[in-house]
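**Student:** So the chains spell out like this:
There are 2 protein chains.
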Amino acid sequence: MTDQRRLALDYASQHRVDFLNALKELAALPSVSTDEEHKADMQRTAAWVANRLKGLGISNVNIMPTGGHPVIYGEWLGAVGKPTVLVYGHYDVQPVDPIELWKTGPFTPTEIGENLYGRGVSDMKGQVMATLNALDAITHSGALPVNLKFLIEGEEEIGSPSLGKFIADHKDLLKADLCLNPDAGLIGKEYPTITYGLRGLAYFELRVYGPDHDLHSGLAGGIVHNPAQALAELIAIMHDQNGRVMLPGFYDRVRVLSAAEHEDFARLPTTDEDYRSDLGVRELWGEPEFTPAERTGARPTLEINGLLSGYTGKGQKTVLPAWAMAKISCRLVPDQDPNAVYTQLKQFLTAHAPKTIRWELDKFAGAPASITDLEQPGVKAIVAAFETVWGVKPYFKREGGSIPVVSQMQVMLGIESVLTGFGLPDDNLHAPNEKLHLPTWYRGIDTLIHFFFNL
Amino acid sequence: MTDQRRLALDYASQHRVDFLNALKELAALPSVSTDEEHKADMQRTAAWVANRLKGLGISNVNIMPTGGHPVIYGEWLGAVGKPTVLVYGHYDVQPVDPIELWKTGPFTPTEIGENLYGRGVSDMKGQVMATLNALDAITHSGALPVNLKFLIEGEEEIGSPSLGKFIADHKDLLKADLCLNPDAGLIGKEYPTITYGLRGLAYFELRVYGPDHDLHSGLAGGIVHNPAQALAELIAIMHDQNGRVMLPGFYDRVRVLSAAEHEDFARLPTTDEDYRSDLGVRELWGEPEFTPAERTGARPTLEINGLLSGYTGKGQKTVLPAWAMAKISCRLVPDQDPNAVYTQLKQFLTAHAPKTIRWELDKFAGAPASITDLEQPGVKAIVAAFETVWGVKPYFKREGGSIPVVSQMQVMLGIESVLTGFGLPDDNLHAPNEKLHLPTWYRGIDTLIHFFFNL
Chain U
580 MTDQRRLALD YASQHRVDFL NALKELAALP SVSTDEEHKA DMQRTAAWVA NRLKGLGISN
640 VNIMPTGGHP VIYGEWLGAV GKPTVLVYGH YDVQPVDPIE LWKTGPFTPT EIGENLYGRG
700 VSDMKGQVMA TLNALDAITH SGALPVNLKF LIEGEEEIGS PSLGKFIADH KDLLKADLCL
760 NPDAGLIGKE YPTITYGLRG LAYFELRVYG PDHDLHSGLA GGIVHNPAQA LAELIAIMHD
820 QNGRVMLPGF YDRVRVLSAA EHEDFARLPT TDEDYRSDLG VRELWGEPEF TPAERTGARP
880 TLEINGLLSG YTGKGQKTVL PAWAMAKISC RLVPDQDPNA VYTQLKQFLT AHAPKTIRWE
940 LDKFAGAPAS ITDLEQPGVK AIVAAFETVW GVKPYFKREG GSIPVVSQMQ VMLGIESVLT
1000 GFGLPDDNLH APNEKLHLPT WYRGIDTLIH FFFNL
Chain G
580 MTDQRRLALD YASQHRVDFL NALKELAALP SVSTDEEHKA DMQRTAAWVA NRLKGLGISN
640 VNIMPTGGHP VIYGEWLGAV GKPTVLVYGH YDVQPVDPIE LWKTGPFTPT EIGENLYGRG
700 VSDMKGQVMA TLNALDAITH SGALPVNLKF LIEGEEEIGS PSLGKFIADH KDLLKADLCL
760 NPDAGLIGKE YPTITYGLRG LAYFELRVYG PDHDLHSGLA GGIVHNPAQA LAELIAIMHD
820 QNGRVMLPGF YDRVRVLSAA EHEDFARLPT TDEDYRSDLG VRELWGEPEF TPAERTGARP
880 TLEINGLLSG YTGKGQKTVL PAWAMAKISC RLVPDQDPNA VYTQLKQFLT AHAPKTIRWE
940 LDKFAGAPAS ITDLEQPGVK AIVAAFETVW GVKPYFKREG GSIPVVSQMQ VMLGIESVLT
1000 GFGLPDDNLH APNEKLHLPT WYRGIDTLIH FFFNL
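Just so you know, the protein sequences line up as chains U and G, in that order. Quick note: the first sequence uses my numbering, first residue 580, plus one each step. Quick note: the second sequence uses my numbering, first residue 580, plus one each step.
Hint data in this document are derived by calculation from the structure and do not stem from the laboratory. A couple of the hints might just be wrong.
Which copy is meant is left open, so a pair is good if it fits within one copy or across any two.
Pairs of lysine to any residue, SDA-like flavour, derived with a Cα cap of 25 Å [as the list claims (entries may be wrong)]:
(1) K896 / V596
(2) K768 / H719
(3) K618 / T922
(4) K934 / P609
(5) K750 / E978
(6) K893 / P677
(7) K896 / D1005
(8) K750 / G828
(9) K942 / R834
(10) K959 / P609
These figures come from a predicted structure and were not determined experimentally.
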């Protein structure tokens, strides 16, 4: 180990209180991006992050406007001949509702036992601060061993509506060799994890129309095909008994898992019981020939995200509704195409919708799945860092969700992302009582110190 | 024809303008019972009706308080040895939403061609005024030929929550030989109609619970049985391919139609195409071995009145919802029991709900179906009246809806109702542009004059 790396690690272990206090400061700022009332808080939070970057000696720190909340940019390009890492993060957080279920103030970061509680402490202010603290430790030990650029956005929790255009408009500014994206997490505190696959998304709204106006269920019940019932009948046959999606051709382009990938999945330590209790369900569900990790990581899905029809208030109203609506989305895996899935759903509806009703299908923004190249130097650097700190080979995971910025970086900037992070599955992301496991977070800071030196 | 009857009919034909103006006055009062803001309008409307009764020489006219909107009572008991008719009506109307679809002001009664447009002109201020105008004509021709009592409520459009208790508390006051209830209608303007059967109701709310909190559809999609999907799967098997309800034992107590009843149904002039275009559906639906009139009148149903789950706003949210809800109601026919249907639905859910989810079923107020005795003198009097005015034998219809007051009168007062009225199927009840066909209404006034003399 070099002396500088040793010094940086020592600095980190001696300044944990400072690191934690910095995170508490940031997490106390209510940067809820979806809420207009927090617009000023968003600006204060962006300013806080920008100042922190300046404090690390980062230059050209700039709070750059977008159509929505601003992006913080910064760079340090003094490591001649070394790679440039684009650090991605977001400073916005989810709303706090239902506020009454919080045991501590969501913006009063509070330590209880080994955890810090507060909105955003795990997703992802804690991850941003793990990175900045690692860099703080390194700068106190000498010069930075790599070049850095920062892209910290304020709209991740509302779907990053401005990010694609921002990246497209600033391709030269953002030019880098790889991206560090610590917005993923560990599968367990003893299981360092690299997320290398993300599912894509195709999102639809299906509306089924029956009579041309709401009817009295007494007068018309028995002679009209109720559109809520017709919608249910269509939804019910979108999966077979084994949880397989029945859209025609849905699996035609699904890339078959290799034996090596099956082995990586089989190595994942999460048990069915872990999944069951984390999700709070009675029993797991889905394609029996795949493990839960494979089903969420490497298999496509079709989900009902919303249902609406007729009367939904308290008590009773005897309406036979004129229409019924379902929000339906598919998670996609390589090499599925969102537009092809749209066509498949239309074909399914054309084949199965009864003549008693009329249907309309709207398509929202979709994105294909992405897979990170595991042979890139960034992945090797984080693998070695995890092995040093945790003492085990990290786990390779495909995540069920979609992180559009990963494919945007691939497509627009031509760079791969190192997707990792130090949150845990029980961190209550997007829910009340979000928390961060501090011993894991400190290990994460050490891991990132190694990562930057390993590059 | 007696001279007095002739005089009354002449009076009616000479005073149509006055009759119409009286209806316009009443229909201009916005007596929307569901809306707190119209509470004063409700009182003004009750006062208007009470004054009208007094103008007819009715005594003991009284606006009687209930827990909700008041009931108007009145009586005239001067026809010694003659039967007593309890006239039922309601002075409240439906809300006017969506107001933007009205072509005339809902409370500015407006004649266009042969129709009068306005909220309540058909349901049922027009029917109340047909009755009061008929009595007005009779009183101008001599003494009333029958004894009369009036029960005009203000809560029919909100489910008559106070009526049951009112009747129970005033059994002696309301004692009568029969009830005239003109709150039904004609099946077509050339088809005078007597409604002799009403379906009952059993209303439920079913909630299906999956994970204990909303999940991210990317992270959990593929391993969790989505409760919206599970609810759809349950709803889809509540009917078979032929529209038959699959609750265990649902049809066990359904009274089989007699040959005579089949004949009455077969005589009804409404064609499938009439139903299809009135309802605004592409095709009719339901049990193929029964006619549409039988399916709505004499067969029980199960309808989805509402669906709610997950995200239902604009655009997309990738939630895997924690729960899904359906409002479900059954229309019942003799001799089904609402409580038995509740048990049947619970049995169905116990048998078919998968182990991946949990369910809860709430029961709302239910009512059994009712059938009127066609041999009663009241029915014979209205049959003869229709034959005189229309020149055809009236049609006997079972109605799909529920009018609880009919069974309340049967059970609490021991009297049968003559259920008729002069509205038409295209009167837009409960919808924008409610209207009343005036030539039919004038015939209705004549019919009621005959009815009172026929008793």
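**Student:** Could you work out which of the previously given hints the structure breaks and list their numbers from low to high?
**Tutor:** 1, 2, 3, 4, 5, 8 and 10
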